[in-house]
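A.B. asks: Both chains are given apart, each in its own frame, so use the hints to dock them into the complex.
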Amino acid sequence: MITARYHREIPQRYRLEAGKCEKCGHVAFPPRLVCTECKGKKFAPVVLSDEGKLTTFTVVRVASDKFSKETPFAVGIVELNDGVKVTAQIADADPEELQIGQKVNLVFRRIQEDGKAGILCYGYKAVTA
Amino acid sequence: MRDVAVIGVGITKFGELWGKSIKDIFVEAALKAIEDAGVDHIDSMYVGAMSPGLFVGQEHLGAVMADYLGVTPVPATRVESACASGGASFRQAFLEVASGASEIVLAGGVEKMTDGADVTDVLATAADQEYEVYHGITFPGLYALIARAHMQRYGTTREQLAAVAVKNHRNGAKNPNAQFRSEVTLEQVMKSTMVADPLRLLDCSPVSDGAAAVIVASMDVAKKLGKNPIRVIASAQASDTIALHSRSDVTILGSVVNAAQKAYKMAGVKPSDINLVEVHDCFTIAEIVVSEDLGFFEKGKGGEAVEKGWTSIECNRIPFNTSGGLKSKGHPVGATGIAQIIEVYEQLGGNAGARQVKGAHIGMAQNMGGTGASCVIHILEAK
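Line by line, the protein sequences give chains A and B.
Numbered by this note's numbering, the letters in the first sequence go through residues 2 to 130 in order.
Numbered by this note's numbering, the letters in the second sequence go through residues 49 to 431 in order.
In isolation and in its complexed conformation, chain B is listed as follows (with noise of 0.2 Å):
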């Protein structure tokens, strides 16, 4: 396989985008990425998203994109994997063009989530519909299960869990395209409503518009442009068991550490090499909980750390969402792995502004679908 670089990314503002339609954000996002790149042309574009099918009614996503952005007769191609699609679009993306059959691919994902459809039920699709869903299992439920099982087998606190969504807010307060830009205390997680025991609304990412996409081109366009490219060093994905109760040990998911061991041994680094991670928070229990399996921290240390601070961009050990993450940046779940990969590119470029972490030069984005059934993973680099 052949170098590949991120070349321009673009993103809409997350939130309740009521005026604008699905086609409306995936075009703004997509027309940014490519003017940002420079490039005259795509040669081929993917489309990450969940569940347009039951949040607008909508399938066969990538011809309408394609349409809408003007750039038929390109292929295009939806790519689901549940709340790793955006994730599992780039993937796509970047094996196209590594494998030598395109020169410059778009990478987006989108989701439209406010449009009136029952958002908790859309959304536990993406566990096991006849052996969870039936019994009336949530997703903040499922993540619940997790959570009250770490706490049990670690000692993990409240307290631990609240300091996750506490720092990604503060985060997220310095990112203009985050849902949520205003901080949160401590207490008010703590006190927040209760959706599923443990997990508190505070705990639990939003439902949210967004879309975002970026270029991946060959190292050679990349060069004959005049970017500074930004180097996809490993591309990895993995997969588990869909029901969160087949597995053997529900505080570990494999997928993540299965990924993971890939993506370190594509990218020839370690987790000592990383100086930011982008992960997939959709519940605080989330980011914990993938901390440890990513080999940041030992099982079971995860709180502990967030605690400690080790994961903020003001303690700059391992900064982890400094994006704001879902929690505070928002969660259109199509759109979410494809804006993880635009907070590292942004980073490693040296363009976060307020949110900027020192001397940034390789980060690392987790995204993953359903309660880890899915897990993809990139690493970048700058070069």
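Okay, chain A solo, but in the shape it has when bound (with noise of 0.2 Å):
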């Protein structure tokens, strides 16, 4: 992963910035310069809620190459207060015990590495509530 493109996704992985339409309200995550819902093009950055539901989830056992070493491992939809819906992978819960409509909250952790000697990656990932 190039440092630069890794660079400008940090406020949205490390800080959850997320861009509200000043005409509608809608809130994209991650921003967009159009909205959406009102094909607005004002936005004001606002920062989503960490707390949310599982709306549906899977346990990944086969992956690709970078994330072959960690499976199997669950990921998820998970749909914040502000209902605003993130794909996040779903740490420290036994898979078996996992269900739709469960509370969980996104923290900070380390997602992925860039090879042997790059950056290592981080974002959110889900934690049962």
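One or more hints might be untrue.
Unchecked claim - Which stretches of chain A does chain B cover? Using the computed rule of at least three CB atoms under 8 Å from a CB of chain B, they are: (1) 57-68; (2) 72-81; (3) 86-92; (4) 112-124.
Stated by the list, open to error - 27 Å max Cα-Cα, derived BS3-like pairs, lysine-lysine: (5) B:Lys-406 / B:Lys-431; (6) A:Lys-86 / A:Lys-104; (7) B:Lys-347 / B:Lys-313; (8) A:Lys-70 / B:Lys-239; (9) B:Lys-347 / A:Lys-54; (10) A:Lys-40 / B:Lys-310; (11) B:Lys-431 / B:Lys-310; (12) A:Lys-21 / A:Lys-42; (13) B:Lys-406 / B:Lys-318; (14) B:Lys-222 / B:Lys-239; (15) B:Lys-61 / B:Lys-222; (16) A:Lys-86 / B:Lys-347.
Hints were generated in silico from the structure; no laboratory data involved.
For each residue, glycine too, the CB sits at the ideal point set by N, CA and C.
C.D. replies: Written out as structure tokens, the structure is:
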């Protein structure tokens, strides 16, 4: 992962920074240039809630080479309290006990690494609340 | 727009074709299509391919294939819409002939997936790289997210998912070009290796090499050649959010709903007028969801439909994936959309052999990219 490419996603991955449409109030994560709801083009920065619930999940047992040493790991779609949905790994949980609708929090974790000599890449993972 | 017909088809065997290059297989399919159509030239060509750059390190595939097919200087363009690249390639050829800009156009598709690339990683480029793939999700994983939500919401069962694989392998066993010409039992699917819960190995389409091509022409050309043309009565395409998580309901594929509405309107037909459907069963859950979103079954009832045999050739209510589908026939991603058109063409022409649907007159092909961020639908009719 090229450092510049990683660097520009830091506000979203480290701090959950989103864009709130000044016209209709729709929250876009990551921030966008055009609102998908009203086509508005002015956004104000907002920080998302780190609390939400699991809407669906799976356990990845066959991964790409980069994640092959991490299997099995749970991944799900989390709907945060402000309505925004994100894909995230679910850490520190027994996948057999996960349930749709379960409350989770997003926490700061290491996600992957850029090869043997590259940077460590961080972001959010979900943990059960 | 004027009427457009398919007048010839060509396809390679699908599978692990280690002895052949991406050029070899595309040219093989294209030559077969040209010979089958009986044309002495083509005006232009399209090559559907998802990711030759990552799979074999080759871009600029339009020119590569025009060169190796020996048809330079005709215009040649690669078309990409992830796993819907083949359908999108066919649509470009259709539009070019329908507009009157060309008389005879080759629409092809190809993918060479077994040349050593990290296939899971390459396929994942069809999802949102920064906000889905970054977190380690795979394509089986994304469809597993859909499957679990569908099971929770509608009571779709593990057995119903498996029934899709059983049916498609039964059909594929009768297809000489299929990658897997073997039947599987419900128990074999249910006990196969878990890939991404609840999806198992036999819920997933395979990694494949393969190519397919068709010749699209105006009705005037078709008549001059004395062909029995299969007319293209609808070509429709739609898009949706790239990330699955951006959708209000992950159990509905919006691009399929939207493309289907356009296609039915353009053709002036409804689901009950259609005699067979080739759908994008990259995973068993996909066939179930698509069968609902195309309007063949009520939302949530797709699992029940396949379990009761309503989508089998034998039942002949509305056969789905008579070719074996992506599951059994194989899924060289860029070739898939064209291979679907070929199956519909063969069925409507009465040339599908042991897979023949009795009285097939109108057929549909539904091809989609990613988790349905793009969808291309064509409806063909025997004249």
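A.B. asks: None of the hints should be skipped; say for each whether it holds.
C.D. replies: Consistency of the hints with the structure:
{"no.": "1", "hint": "57-68", "in the structure": "holds (count 12)"}
{"no.": "2", "hint": "72-81", "in the structure": "holds (count 4)"}
{"no.": "3", "hint": "86-92", "in the structure": "holds (count 5)"}
{"no.": "4", "hint": "112-124", "in the structure": "holds (count 4)"}
{"no.": "5", "hint": "B:Lys-406 / B:Lys-431", "in the structure": "holds, 16 Å"}
{"no.": "6", "hint": "A:Lys-86 / A:Lys-104", "in the structure": "holds, 13 Å"}
{"no.": "7", "hint": "B:Lys-347 / B:Lys-313", "in the structure": "holds, 21 Å"}
{"no.": "8", "hint": "A:Lys-70 / B:Lys-239", "in the structure": "holds, 24 Å"}
{"no.": "9", "hint": "B:Lys-347 / A:Lys-54", "in the structure": "holds, 25 Å"}
{"no.": "10", "hint": "A:Lys-40 / B:Lys-310", "in the structure": "holds, 23 Å"}
{"no.": "11", "hint": "B:Lys-431 / B:Lys-310", "in the structure": "holds, 22 Å"}
{"no.": "12", "hint": "A:Lys-21 / A:Lys-42", "in the structure": "holds, 10 Å"}
{"no.": "13", "hint": "B:Lys-406 / B:Lys-318", "in the structure": "holds, 19 Å"}
{"no.": "14", "hint": "B:Lys-222 / B:Lys-239", "in the structure": "holds, 24 Å"}
{"no.": "15", "hint": "B:Lys-61 / B:Lys-222", "in the structure": "holds, 13 Å"}
{"no.": "16", "hint": "A:Lys-86 / B:Lys-347", "in the structure": "holds, 23 Å"}
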